[in-house]
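Number of protein chains: 2
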Amino acid sequence: MTEFFNVLPPDEARKLLFRHLTTVLPSETIPTATAVGRVTAAPLLSPLSLPAFRRSSMDGYAVRAADTYGAAESLPALLTVVGEAPMGKATAVTLQPGQAVLVHTGGMVPDTADAVVQIEHTQSLQSPVSNLQSPPFEIEVLRPVAVGQNVLQIGEDVAEDEEILPAGHRLRPQDLGGLLAVGITELAVARQPRVGILATGDEVVHPTLITRPGQVRDINSYTVSGQVIEAGGIPVRGGIIPDNYGMLETAVAKLLAECDMLVLSAGSSVSARDMTARVIAGLGEPGVLLHGIATRPGKPTIVGVVGRKPVLGLPGNPVSAMIQFDMLGVPTIYRLQGLAQPPRQRFVRARLAQNLPSASGREDYVPARLADSADGLLATPVFGKSNLIYTLVNADGLIKVPLNKAGLEAGEWVEVRLF
Amino acid sequence: MTEFFNVLPPDEARKLLFRHLTTVLPSETIPTATAVGRVTAAPLLSPLSLPAFRRSSMDGYAVRAADTYGAAESLPALLTVVGEAPMGKATAVTLQPGQAVLVHTGGMVPDTADAVVQIEHTQSLQSPVSNLQSPPFEIEVLRPVAVGQNVLQIGEDVAEDEEILPAGHRLRPQDLGGLLAVGITELAVARQPRVGILATGDEVVHPTLITRPGQVRDINSYTVSGQVIEAGGIPVRGGIIPDNYGMLETAVAKLLAECDMLVLSAGSSVSARDMTARVIAGLGEPGVLLHGIATRPGKPTIVGVVGRKPVLGLPGNPVSAMIQFDMLGVPTIYRLQGLAQPPRQRFVRARLAQNLPSASGREDYVPARLADSADGLLATPVFGKSNLIYTLVNADGLIKVPLNKAGLEAGEWVEVRLF
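Read top to bottom, the protein sequences are chains A and B.
If you read the first sequence in the working numbering, its first letter stands for residue 154, the second for the next number, and so on.
If you read the second sequence in the working numbering, its first letter stands for residue 154, the second for the next number, and so on.
If you are wondering where the hints come from, they were derived from the structure by calculation, not from laboratory data.
Hints may contain errors.
Copies of the same chain look alike in the list, so a pair counts if it works inside one copy or between any two.
Pairs of lysine-lysine, DSSO-like flavour, derived with a Cα cap of 30 Å [claimed, not checked]:
hint	residue 1	residue 2
1	LYS407	LYS553
2	LYS407	LYS558
3	LYS407	LYS462
4	LYS462	LYS558
5	LYS538	LYS242
6	LYS407	LYS452
7	LYS242	LYS553
8	LYS452	LYS242
9	LYS242	LYS558
10	LYS242	LYS407
11	LYS407	LYS538
12	LYS462	LYS168
13	LYS553	LYS462
14	LYS462	LYS538
15	LYS558	LYS538
16	LYS242	LYS462
Taking the hints into account, I'd like the entire structure generated from these sequences.
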């Protein structure tokens, strides 16, 4: 057990924790169609070129570009349409000079054509465009096209053997599209971290129970579960444990064995927190790494590692617990999946609506509402004691007051960490 | 069937569509613990005050504040600790003047006390603070406390009958916490919209198949499914339908009957799109509302309503399909659930890295990569034809070029719609 009350700023706390987590969870192979939100376990190369054939990007006529050179409204080029490129099949027609083939958007351009004239730049001599008769028929081309114009070339989207996604990439809907387009219908992704969650404290009861004076309902098990799901993990709730060393030790050891990471929502008293630290320290090396994070709220957060599995002891109060889990737990879930970069949409810049006092040497996170204004986003702090869950319910995000700032002034640009 | 080719900007298209969608889906009651991402169907009032009893926000001693007035390091107030407030139970002790009760963070403050002195501002005469003996024992208070100090009052977090969440609110982890804290263990939320998805086109084949020349794999069914899930809906994939009016009509009617909304990824040819419009028009009133959206990419998008159910005909090309679904489909899924305000984290401001040409009178959406720079976020356009899915795979979001702008210049601040 660490003998001193060791406190670090959040960034350094994360670094210290991550130094003890050298491994990413093993991968598993799953269908691409179900992989949104999962993290790639290895780089992915395209097995083929896309498009696999020359496709028209317009409705029009596949032509030899040279046949259209000099064409103008006043002097159209006259071409004979000798066939139609069928959708979904190879186009068998061979073009001779002066010939064209009707082609639809996405259709295959014949080998003997090198450009597509869009239909709006042609006119049919026989009938309105909307009522095309069977080839052969004649068209007038009103504008010239260059070689390659309106033709998607083989491999223009992605080339064979090109890396299409790196390892550690969280899959979005378009990534599924890119993979399926080249026939990658299953892929290796990091296994989703199983995150054990235990609430402790003699005063904590299940939310369905009627509370007696002195009791409070367990909410941290559920707020943290929601955060785990949003980060891509699987919450495993282990229930509520009273402030009893033996019971806590048994429950923690059992849940840690079943999970990849463990979160304890400590009882709110000092002795309950001490018990959490003792239990973590007793489970295995390296045990407790840190007894505190230099932030408000959430200072008394315990950061530990037992046999390569991260163990976090969150403060009992719900606001501190959520904020600490957001700063330490969520990045750890990303890290266990090998995610190279956390999602960018977690931050916005906003102007501060009023002065915000703070102490230097500590990162403050202040719940805030956001509103649109002529100057851009406006952030109004939601003041309240850090024990009050409704300060978070009534907020859109957290204003970050940096470590070395003694407060912020109204009108300053601030960074808001969105929920 | 609408006789003219009707085109509107995206905002007006949404308004037109929403005017025909007067109803929100019926609600269902679900456990609060599983409600992250769901949308409240009615305002929620707190059935009780929180805290339900006066709680200490510190480890320390519950006192009568008047007993500490004038206390200082040089002249401590002497108090007798007559008991300990147990965690999770009512505190039965009655304080006489000059008496105090040991209390832990979160513990119940006795009725006869009106403040808490934190333990760091006291010293015990008998033993070190870390080894407290049983009461009664004496302490010295080194600083005065005001009435109410370090005490969370009844209802300070939320008052009985106060509205805690409005209708149309998408539930976040802390909202679950706020609801469970007051004993709301189940609640009414809008049913999740079932969104039917059909791919059409003779050239489109299932992603597991080997393509022949002229064929492409269906990817729109899967990208749109991912978008539906992210917006809170349930995708129902109906497969791939060839360009055949009768088959398409049958498939559309069947899927529409099972779902709350329908999305067609049209074949990419003009005739295939016309067929989609004819099928939608034939299904019922009001049918097709719009034949196009004034954006690039994605102009040939069909917006329809059949018997109060929205029906979207997306362009076949995967980039247009995703962008149009993001602009029209996602807000419609929100709307069907009664969501009052779409999630804010969809936009960031960034500086444009290079000039971006555009045509006035049309909203352009240009895929872009984002990078951090000294000036803030930098957005670099990913150029490529709108048919190329890898322009989206390689991008972090879309730069919006407003309707009335003829292009944007390098260095300008732009709005980027994040994926």
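Status of each hint after checking the structure:
1. In this assembly of identical chains, the alpha carbons of LYS407 and LYS553 never lie at most 30 Å apart, being 37 Å within a copy and 52 Å across copies at closest.
2. In the homo-oligomer, the alpha carbons of LYS407 and LYS558 never lie at most 30 Å apart, since the shortest distance is 43 Å inside one protomer and 62 Å across protomers.
3. In this homomeric assembly, LYS407 and LYS462 come within 30 Å of each other (Cα to Cα) only inside a single copy, at 13 Å, whereas the closest approach across copies is 50 Å.
4. In this homomeric assembly, LYS462 and LYS558 never come within 30 Å of each other (Cα to Cα): the closest approach is 34 Å inside a single copy and 53 Å across copies.
5. Taking identical chains as interchangeable, the C-alpha atoms of LYS538 and LYS242 lie at most 30 Å apart only when they sit on different chains, with a minimum of 23 Å there against 68 Å within one chain.
6. Within a single copy, LYS407 and LYS452 get their C-alpha atoms as close as 27 Å, which meets the 30 Å cut-off; across copies the closest is 58 Å, which misses it.
7. Proximity of LYS242 and LYS553 under a CA criterion of 30 Å is satisfied in neither setting, with 58 Å inside one chain copy and 37 Å between copies.
8. Taking identical chains as interchangeable, the C-alpha atoms of LYS452 and LYS242 lie at most 30 Å apart only when they sit on different chains, with a minimum of 26 Å there against 66 Å within one chain.
9. Taking CA atoms no more than 30 Å apart as the test, LYS242 paired with LYS558 passes in neither setting, with 66 Å inside one copy and 41 Å between copies.
10. Proximity of LYS242 to LYS407 under the C-alpha cut-off of 30 Å is restricted to the inter-copy arrangement: shortest distance 29 Å between copies versus 60 Å within a copy.
11. Taking identical chains as interchangeable, the C-alpha atoms of LYS407 and LYS538 are never at most 30 Å apart, the minima being 35 Å within one chain and 55 Å between chains.
12. In this homomeric assembly, LYS462 and LYS168 come within 30 Å of each other (Cα to Cα) only inside a single copy, at 15 Å, whereas the closest approach across copies is 51 Å.
13. With identical chains, the CA atoms of LYS553 and LYS462 are at most 30 Å apart within one copy only, with a shortest distance of 29 Å there and 44 Å across copies.
14. Within a single copy, LYS462 and LYS538 get their C-alpha atoms no closer than 33 Å, and across copies no closer than 47 Å, so neither meets the 30 Å cut-off.
15. Only within a single protomer do LYS558 and LYS538 lie at most 30 Å apart by alpha-carbon distance; the minimum there is 21 Å, versus 47 Å between protomers.
16. For the identical chains of this complex, LYS242 and LYS462 are neighbours neither inside a copy (55 Å) nor across copies (35 Å), given an alpha-carbon limit of 30 Å.
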